[in-house]
Amino acid sequence: MTGRVRRTPEEAQRLILEAAELLLVEGGPRAVEVRAVAQRVGMTDAGVTHHFQNRESLLVALLSRAGGRRLRGAVEAASSRWLNGVVSVSDLVETMAAVYADGYGELAIALHAAGWRPDGQGMLEPVVDALHGARRRTGSGSPRRIETRLAVAALHQALATDPTYGVAFRNSAGIANPAAQDPRAQRRWWAATIATVLGIPAAPSSRT
Numbered sequence: 009m010t011g012r013v014r015r016t017p018e019e020a021q022r023l024i025l026e027a028a029e030l031l032l033v034e035g036g037p038r039a040v041e042v043r044a045v046a047q048r049v050g051m052t053d054a055g056v057t058h059h060f061q062n063r064e065s066l067l068v069a070l071l072s073r074a075g076g077r078r079l080r081g082a083v084e085a086a087s088s089r090w091l092n093g094v095v096s097v098s099d100l101v102e103t104m105a106a107v108y109a110d111g112y113g114e115l116a117i118a119l120h121a122a123g124w125r126p127d128g129q130g131m132l133e134p135v136v137d138a139l140h141g142a143r144r145r146t147g148s149g150s151p152r153r154i155e156t157r158l159a160v161a162a163l164h165q166a167l168a169t170d171p172t173y174g175v176a177f178r179n180s181a182g183i184a185n186p187a188a189q190d191p192r193a194q195r196r197w198w199a200a201t202i203a204t205v206l207g208i209p210a211a212p213s214s215r216t
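Residue 9 is where the sequence shown starts when you use our numbering, and the numbers rise one by one after that.
Incorrect hints may appear among the rest.
FRET-style restraints, in silico, Cβ to Cβ [unchecked claim]:
| no. | residue 1 | residue 2 | range |
| --- | --- | --- | --- |
| 1 | R77 | G36 | 12 to 22 Å |
| 2 | E34 | R192 | 20 to 30 Å |
| 3 | V33 | Q165 | 21 to 31 Å |
Hints are computed from structural coordinates only; laboratory data are not their basis. Just so you know, even glycine gets a beta-carbon here, dropped at the ideal spot from N, CA and C.
Construct the complete structure from the given sequences, taking the supplied hints into account.
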């Protein structure tokens, strides 16, 4: 008879979120059910709800913790060269878009539609830090952080909604398929717009 696997609460929560993230990538938010997660981890349904009281709590944790981790990793990857004088908003936009395309954009929309609202500092604070740091290094004077926050909020809104509504939005502006089905041109527009507003390069450029 196989003995019961004993895990620390931290380890159990990590395994649950990892399983939920895989389900999210494979099938979107609808695929993230307590029973499906429990089966992936080798727990009972009650074991999952012991750590995350219900499905909504699990989805919120998935967005804020796993999604936040993915976004922080994306920001670090995109901005790692910035300290050496190479700034690229385009890289940042593309790496963030990849996270949203893996289901986190749809998940954010679903949670907000259900009434969930984040408390305190958002998971996009690392994005604000990266862009604001670039503004301070490449510009002059003392840029206002609120301007950086507004730019990040606009980018978040655009990238998070694109997997669900992007094609329809582009169609409504007169962009026909198949061009409307490819979001890359709009992402380039966002990178150029944010770079212009914040006064930093959109594409990679090295300072000598």
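Going through the hints against the structure:
1. R77 <-> G36: 12 to 22 Å: 19 Å, holds
2. E34 <-> R192: 20 to 30 Å: 24 Å, holds
3. V33 <-> Q165: 21 to 31 Å: Between V33 and Q165, where Cβ atoms are some 22 Å apart, the hint holds.
Consistency note: the structure conflicts with none of the earlier hints.
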